[in-house]
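The whole structure should be built from the sequences, with the hints applied where relevant.
Residue numbers (the numbering used here), protein chains in the order written: chain Z, 1 to 253; chain A, 254 to 563.
One should not assume that every hint holds.
Subject to a maximum C-alpha distance of 30 Å in a straight line, what follows is the list of computed DSS-like cross-link-like pairs (lysine-lysine) [as the list claims (entries may be wrong)]:
#	chain 1	residue 1	chain 2	residue 2
1	A	K396	Z	K181
2	Z	K181	A	K320
3	Z	K2	Z	K88
4	Z	K75	Z	K88
5	Z	K181	Z	K79
6	Z	K186	A	K396
7	Z	K192	A	K320
These are calculated hints, taken from the structure and not from any lab test.
Source: prediction; values computed, not measured.
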Amino acid sequence: MKVLSIAFNTFRENLRDKLLYNLLIFALLMIGSSLILMRLTLGEFHRLILDIGLGSINFFGVLIAIFVGIGLVSKEIEKKTIYTIISKPVARFQFLLGKYVGLSLTLLINTAIMACGLLAVLYMQDVPIHAVLFKALIMIVVEFMVITAVALLFSTFSSATFSAIFTLALYVIGHLTPDLKAFGEKMGGLGKTILEGMYYVLPNLDRFNLKGHVTHQLDVPTGDLLVIGAYGLAYTAFLLTLASVIFQRRDFR
Amino acid sequence: MSRLSPLAIHPHASSKEPILAWTAVTVIALSLLTLVTLLQRNLDLRIDAHAAKIEELAQLPRGEHLKPALLGYHHLGADVVWLRLLQVVGKKTNTAGEYEWLYHALDVVTTLDPQYAYAYYVGGVVLTNYANRVDLSNRLLEKGHRENPGEWNLPFLLGYNHYFILGNAPKGAVYIAQAARTAGAPDFLPGLATRMHAEAGNPDVALQFLEALWKENPDLVVREKLETRAKEVIIERDLRLLEQAIGLYQKKYHASPKALTELVSTGYLSRIPEEPFGGSYELNTQTGQVTSSTHPTRLKVFRLDLENAS
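Written as structure tokens, this is what we have:
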């Protein structure tokens, strides 16, 4: 209950954030711009709408997750509003979880709005819509959930600016981890152990990327989808636990 | 009255001031915008005058390096490179170097998105028919065929390249057979593949092949090339017909005919075929060989096959 009321409060607070609307409008503009770019291409113009559409949803969602996520805790500390909450009978982890659920809800609704924009464009252009599109959208939301958790984790112990830099860095690294494994295999010995350890500890964000499947209408087996989803949720839980531990020990002065 | 603000007391002075200020700001902003545009245009002329768009393609990093840098947006990256290279191909003629860069850009696009079958196909057609670079065309198509075994038109185009351009009829037939086995291949392909295996050097088979390719390609330049090639094959067919008639004539009269019209008057031919390019067929009375006035050398693909047969 406490978690939910914090979550709804966070959601309402997010709705007042101008950044959110700017990014949302920009994403919708990008999706719409595919209609113009489509005229420049040759052959498969459906492909361009899907690539730009899903790319925009993914990219702007990540920006929202990072730039709203980093302020979740650090803003409360800066404005000293945290005291009013901490002094109430609310466990610190409940506060964090509430904040997290609130932003996740915001992102879910945002993604739904952007997806509606994309679906409208696809419908207008008579592009056949396949089930894999929705699977890809769900996986994009799971990616947002992981990134929000990363942003929240950093925002429990550092300032907003640093959190943004760290989270962006982890987003980039998250898409490059397959290289870590590949390098490790070439090195062997201790190097291999270290790199493989890093590979498993860092999030592999490429797993959530099904945009190419939508472009080429390749179906993803439900089993794979469930494992990917479970991976995302488990990683999120791990990050939130870590964040709770750090936040629990933090002294606000 | 004394409570009224100064605005109400001097309405004229106060309303004029903001209008003046706004006009001044607008004028300044507009003139600055004009200045920026002019400077940008000047820079375009100074710096970009010699750098044509196509040269930018050469500076694309290799697909293998670009892909990880795109952080999962590599399909979109492939679209962007594709859009840029389309603007280049839109030009009618390009230099040999420009086609090398075009190949490089196509390689980047297809490394970013190996399933982009359309890019392989268009690239293959352009590199063969516009650039006369069948080597690059084959390299691209082989890559596409490897990555997309379910696409029939990639081995189909490879078959065309080997059969007509490289003059390797047996290898061409192998590719056509591969294309024919692919799901979704058109109905005529298995028949064509069988005939190519059995009689790869038969001009009728070649014409059937060209007709199939013609139907696949709406592009006018490509169609023009295919029509020219079809006419060349028709010459080969006519030459064979004439040679056959001369052979029969020689068997009976133990001498070569003095002119081609003699074949008609003796009844070996119903008429002399028309040369498709508007020239004529000429008989060398010494050797008994017939040649076309517009295309004196014969098609490589059929000669090679004749050599294999003999």
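These are the hints, each one checked on the structure:
{"no.": "1", "hint": "A:K396 x Z:K181", "result": "holds (26 Å)"}
{"no.": "2", "hint": "Z:K181 x A:K320", "result": "holds (17 Å)"}
{"no.": "3", "hint": "Z:K2 x Z:K88", "result": "holds (11 Å)"}
{"no.": "4", "hint": "Z:K75 x Z:K88", "result": "holds (19 Å)"}
{"no.": "5", "hint": "Z:K181 x Z:K79", "result": "violated (43 Å)"}
{"no.": "6", "hint": "Z:K186 x A:K396", "result": "holds (26 Å)"}
{"no.": "7", "hint": "Z:K192 x A:K320", "result": "holds (24 Å)"}
Violated hint for the displayed structure: number 5, the only one.
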